[in-house]
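Each chain is listed here by its residues.
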Amino acid sequence: MLTHPEAAASFNKDEDRVNWHDKSLWFVRNKRDLAVNKIPKWEALRETASQIKFNVLSNLDTYLEEFEGKAKANGIQVHWAVDGDEHNRIVKSILDKHQAKKMVKSKSMLTEECHLNPYLEKHGIEVVDTDLGERIVQLAKEPPSHIVMPAIHKKKEEIDELFQETMGTEPANGDPQYLTNAAREDLREKFLNADVALTGVNFAIADTGGFVVCTNEGNADMGVHLAPVHIACMGMEKLIPKLEHLGVFLRLLARSATGQSITTYSSHFVKPREGQEMHIVIVDNGRTEQLARKDFLNSLKCIRCGACMNTCPIYRRSGGHSYGSVVPGPIGSILSPNTDMKKFSTLPFASTLCGSCSDVCPVKIDIHSQLYKWRQVIMKEHPDKLKKAAMQVNGKVFKYPWLYDFLGGFARKALKIMPKGIIYSKLNAWGKQRDLPEVPETNFKSWYKKNRRNNG
Amino acid sequence: MDSRTQILEKVRKNKPTLESHIDIEQFEETIDEGLVEKYKLSLEANGGSCIDLSNSSELENILTKEVEGQSFVDLTNSLSEITGKDISSLEHPKELAEVKVLIAKGKVGVSENAAIWMDEEALSAVRVLPFIVERSIFIIEKANLVATMHQAYQKIGALNTGFGSFIAGPSKTADIEQNLVIGAHGTKSHLVILV
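The listed protein sequences derive, respectively, from chains A and B. Just so you know, the working numbering puts 308 at position 308 of the first sequence, and the rest follows in order with no gaps. Just so you know, the working numbering puts 103 at position 103 of the second sequence, and the rest follows in order with no gaps.
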């Protein structure tokens, strides 16, 4: 796997695309601001959401039990999975029980995390992603590059070509209306003929034993209300204590995500419909580990709105794929090292620590502080030898003023006469996309001595 | 040890003890002013359209014009001249695939986002209805509009339903280069009649 800097460098080879990507995301960030500024007490809403999530994390065991009890009483079957493998096996066992061969799926980052699609496909199940963005990346055999807008990295002309190849559509110059309609027609058949529909869970409510799924496209509802079996997969942190708390979260979610006042559909599932089977799979997959990390457990408050990605100057200019993790961007960079610190060791460094992510987060996760904290942990456990050596040399230089003066004078001369090829060699990471400033004749110390000390 | 016990034990061992103070009441003050106007603006922003009916005797006329010549389901019994598809003897929700228009009565409308609460009672237990048709027509009494989602949940109270959805407009997507397209997998158009 490429490190973040390597993958980002590759994305940055096409400057026009980077600018286009940057602008697309900033457009969404702007819409968020417009929506948020209309709401009185927005900050109080964020604070309340954060408090609710603190309450959930501190009482997660009792809420899980309460939720399970109520859900079962409502006629829903509840399953528990310690990791992604167990989650996948549970889903497959439900499919097997119904001899199901066709499954439609609405967006679920959790199933991406567990790599459910390849697992089921290996066993001969046809899995169809039905969110348009997810369908696009599924047809292109790519992972999503954003958790809310999975195909944000793709240009409409590319989607046009992709649909021509995979669905036999007519060339349409990337006309979004035509392409969306083509996908609608194609997927309608899949909805009508699916054996099982799988959805994610936006919120699970302990005191009702029900759960809420939010979409704009209506794809989750089209799937589950037609299929004889509904499987809902949730990370265990998706719980909230009470139904009335949804008022807080549904006001925050869509405004933070896309600048809409609410998603088109916020569907509350409490009981299976007559003749239908409903299952919930509660998944741990490393979440209990994160719960024990005092510095990082805040990340479990995340409601997956994607606002931190849209605002992040690094995400916007490096693209979601550069992170190499299921959840990219700032929140992904604090979630992923929890699952594999070595593999994701460069992610906490993919940030300017500007703090914009923390400012827009609807549940007040201190994202940039956690990125900083991960850096401390990672440098201890997986030290970057070059950086470490450089810091040690720096330490020595700053310790001895005479050495600092000497090297400063040396550098000022050397930088003037050395060829560019040496100055901008591989060792100079800073100079990769930047020119060094013009070298001054003298340092500040000598300048001060000459101009100020005697002249008052 | 089964997975359930394993997970719950690990949670008990690892869970933090964080102080929390949850105050929902601060959002629950009732606002009654300008609810209709705000509702209309929110609906327009979501891509829906609105008819503000001052004279409810016009309702049947309007609805007749809306559904004429199309297959439709009317859950409100507002039409005396024409009859829509009978859903009482439905064997599978698939049978609704060709229905074009749904007329239903909403229970609670939310001004801040134009969402209307549709539960099983409002949908005659046919959950797929408001998603599978091309056009939805929701009728809602102005007296049932509330300002925010907080008031909406207060008004709904305990969930005495197997399913309910806040529906705020026609289905839509912006997954192709952020271009808004109305009509994704659900409805292609959405009309709310305020009575």
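Derived by calculation from the structure, the hints in this document are not laboratory data. Be careful, since some hints might not be right.
Residues from chain B that face chain A, not an exhaustive set, calculated with beta carbons under 10 Å [as the list claims (entries may be wrong)]:
| hint | residue |
| --- | --- |
| 1 | E9 |
| 2 | N14 |
| 3 | L18 |
| 4 | D23 |
| 5 | F27 |
| 6 | N46 |
| 7 | K94 |
| 8 | S124 |
| 9 | I132 |
| 10 | A143 |
| 11 | N144 |
| 12 | T148 |
| 13 | G164 |
| 14 | T173 |
Every residue, glycine too, gets a C-beta built ideally from N, C-alpha and C.
Which numbered hints fail: Hints 8, 10 and 11 are the ones this structure does not satisfy, whereas the remaining hints hold.
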